[in-house]
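Residue numbering for the sequence shown follows the working numbering, starting at 703 and increasing by one per position.
Worth flagging that the hints you see were computed from the coordinates, not collected in a lab. A couple of the hints might just be wrong.
Said to hold, decoys possible - 30 Å max Cα-Cα, derived BS3-like pairs, lysine-lysine: (1) Lys-763 to Lys-781; (2) Lys-763 to Lys-718; (3) Lys-744 to Lys-712; (4) Lys-763 to Lys-744; (5) Lys-750 to Lys-763; (6) Lys-744 to Lys-718; (7) Lys-750 to Lys-718.
To be verified - With beta-carbon atoms standing in for the labels, derived distance ranges: (8) Glu-721 to Gly-753: 20 to 28 Å; (9) Asn-738 to Lys-763: 18 to 26 Å; (10) Asn-738 to Asp-784: 16 to 24 Å; (11) Val-731 to Asp-784: 22 to 30 Å; (12) Glu-769 to Gly-727: 17 to 25 Å; (13) Thr-706 to Gly-755: 15 to 23 Å.
Owing to the predicted nature of the structure, the values given are computational and were not obtained by experimental measurement. Note that beta-carbon positions come from the ideal geometry of N, C-alpha and C, so glycine has one too.
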Amino acid sequence: MTITIYHNPKCSNSRKALELIRESGTEPVIIEYLVNPPSRSKLAELVKAMGTGARGLLREKETLCAELGLDDPAVSDAKLLDAMAAHPVLINRPLVVTSEGAKLCRPPELVQEIL
């Protein structure tokens, strides 16, 4: 099974999720999304796989979220996807993708649900 993690090495949750994946015996595909951000279409695909809507992938704690007015619940998924594509810092992490689907793994132990 291929496992992909959208990873930020500076994030303790992301590092722990990566550790748990490796402990399962699999070396994942690691995408440092701040260095190699996903396209808007890839973000839309990931959100669909998550089944949560774009807000489910939005890092609402990020200062830029409020600065851009994205904390307003009325903001559309399209606008959220545009913002995350333009500003990858707005993408929450770690996002893990397996054949079982895509999941935001906060807390990192949630990764076990899709391994």
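Hint numbers not upheld by this structure, sorted from lowest to highest: Violated hint (a single one): 12; every other hint is consistent with the structure.
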